[in-house]
Amino acid sequence: MLEPLLDQLADPMARLPDYLGGHMRLSLLALAAGLSISLPLGVLASRNKTLAGPALGVASVMQTIPSLALLALMVPLLGGTIGFAPAFIALTLYGVLPVLRNTIVALQGVAPPILEAARGVGMTRVQSLARVELPLALPTIVAGVRTATVWIVGTATLATPVGATSLGNYIFSGLQTRNWTTVVFGCIAAAVLALVLDQLIRQLEVAAARRQAPRALAAGAALVALIAGALAPTMIPRGGTAGAGRSAVFADDADAFGGEPVVIGSKSYTEQYILADVLAARLEAAGATVRRRENLGSTVVFDALVSGEVDVYVDYTGTLWANIMNRSEPIDRHRMYAETSAWLLETHGVLMLGRLGYENAYGFAVTQETAARLPARTIGALSSLDGLSIGSDPEFFARPEWTRVREAYGLAGAEQRNMDATFMYGAVRDGAVDAVTAYTTDGRIAAYDLVVLDDPAGALPPYDAVILLSPEAAARPAVARALAPLIGAIDVELMREANAAVDVERRRVSDAAALILERLEDRSGR
2 MLEPLLDQLA DPMARLPDYL GGHMRLSLLA LAAGLSISLP LGVLASRNKT
52 LAGPALGVAS VMQTIPSLAL LALMVPLLGG TIGFAPAFIA LTLYGVLPVL
102 RNTIVALQGV APPILEAARG VGMTRVQSLA RVELPLALPT IVAGVRTATV
152 WIVGTATLAT PVGATSLGNY IFSGLQTRNW TTVVFGCIAA AVLALVLDQL
202 IRQLEVAAAR RQAPRALAAG AALVALIAGA LAPTMIPRGG TAGAGRSAVF
252 ADDADAFGGE PVVIGSKSYT EQYILADVLA ARLEAAGATV RRRENLGSTV
302 VFDALVSGEV DVYVDYTGTL WANIMNRSEP IDRHRMYAET SAWLLETHGV
352 LMLGRLGYEN AYGFAVTQET AARLPARTIG ALSSLDGLSI GSDPEFFARP
402 EWTRVREAYG LAGAEQRNMD ATFMYGAVRD GAVDAVTAYT TDGRIAAYDL
452 VVLDDPAGAL PPYDAVILLS PEAAARPAVA RALAPLIGAI DVELMREANA
502 AVDVERRRVS DAAALILERL EDRSGR
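Under the numbering used here, the first residue of the sequence shown carries the number 2, and numbering increases by one thereafter.
Derived by calculation from the structure, the hints in this document are not laboratory data. Check the hints yourself; a few may be wrong.
Just the calculated beta-carbon pair ranges, DEER-fashion [as the list claims (entries may be wrong)]:
1. 329 to 525: 35 to 45 Å
2. 398 to 489: 44 to 54 Å
3. 476 to 207: 35 to 45 Å
4. 472 to 139: 29 to 39 Å
5. 476 to 63: 39 to 49 Å
6. 309 to 41: 29 to 39 Å
7. 329 to 492: 21 to 31 Å
In this text, a Cβ means the ideal position worked out from N, Cα and C, and glycines have one as well.
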């Protein structure tokens, strides 16, 4: 029993240095920046009641914004920048309130007789602040620092969708692949980190209050050791994987990448993880050093491609048509591909290298029992169900095609149930909803014996999987040369089988990617 658990923990443990280091760097720098804002501002506001109200008001407003939304908002505000910067700014803002509030309350709470006594012995206002007020206020201020620390460390797990490496990488990828061991591992790691930092700060507080220098030194040394140990692996230059498993076909391309890594982006679901592994394998075989930016939001990854922070990723024509081009009118599959490709190149310099060979479209799926109750196996037949409820990822209900589906099939009265894609299929299988907007390449459709309803009105657009290259990557012929064999090579059956390997059979993403690569080699006769 212990051996299977150790096998499941092998991959999370291997990734721990990177994820923990990224989480520590992000959290501690955000905490330091927050303290540099909140402490001076708190001191000034404690002296000026006119400033105190607005300062606390602005900080409180930041707290009312959901943390994930605040993180996501930073990306467009920073011109499409992803990674450390948007997460750092959002977490800094998120950590200001507890320290600011506690500083103001603590300093304003110093008893007037004490302040009068300080002035009576000839202290200036600065001396009174440094020698009397701050020492008395210190316990309350440190309590605010401890609260900010826990908040920031916890919220940093949500930085994953904006491209910042953190312990949240475990949670987001684990949820999408239903690897609960990875999810629990990430949650425990984040909780332990928050508790350890909280207790070390508490020890510093107690040492300062009791004037125990050895205790302060021990707590400080432990804090420094923790930080150094977590950050050290991320600071050590590592050799790339260039040349690993390199094929002789690509030998002449080894120098074509110029030593610059190729950054592969991916969204936060199983198919994207698999395809990112496939892209990485092709590029590494060609001699490239590969870097990954995973679990990105749909618009975030595109913005990162345009800005050059991501070089290549797989997207879908219907997503680009609706979310990026803001088009809502229906159009046939081939025209959509042609118009989307031309628009991306003309508007953003993004090269659509080609179609992988399959569509991953939305399809309304129901159980066999529900299908038997319908007058026809069409989306419109759902309107015959009393109290119809439809489950989908939140993105779909904000898309233009949902508006078209409602209008074309009379589903305006349907209850919309937002849920993560991980839970949709189980929800319809277990009767929690009547239908879900399944992904047509998802292996759980067959595994759960679901029926995908027909769309005779063509309300749902085509979703051809396509490889996109950033303007910079498009200017590097070796990138396109390495990925060109994938064009038209992956059919829907192969993609569905690969997805099922992860989502149904609980195999690793790398195993599913290897499955695709092996099939492609067999078909090519190599």
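Status of the hints after comparison with the structure:
1. 329 to 525: 35 to 45 Å: 40 Å, holds
2. 398 to 489: 44 to 54 Å: Since residue 398 and residue 489 have Cβ atoms about 33 Å apart, the given range 44 to 54 Å is violated.
3. 476 to 207: 35 to 45 Å: With a Cβ separation near 59 Å, residue 476 and residue 207 fall outside 35 to 45 Å, so the hint is violated.
4. 472 to 139: 29 to 39 Å: For residue 472 and residue 139 the Cβ distance comes to about 53 Å; the hint is violated.
5. 476 to 63: 39 to 49 Å: The hinted range 39 to 49 Å holds for residue 476 and residue 63, with Cβ atoms some 40 Å apart.
6. 309 to 41: 29 to 39 Å: 37 Å, holds
7. 329 to 492: 21 to 31 Å: Holds: the Cβ-Cβ distance is about 29 Å, inside 21 to 31 Å.
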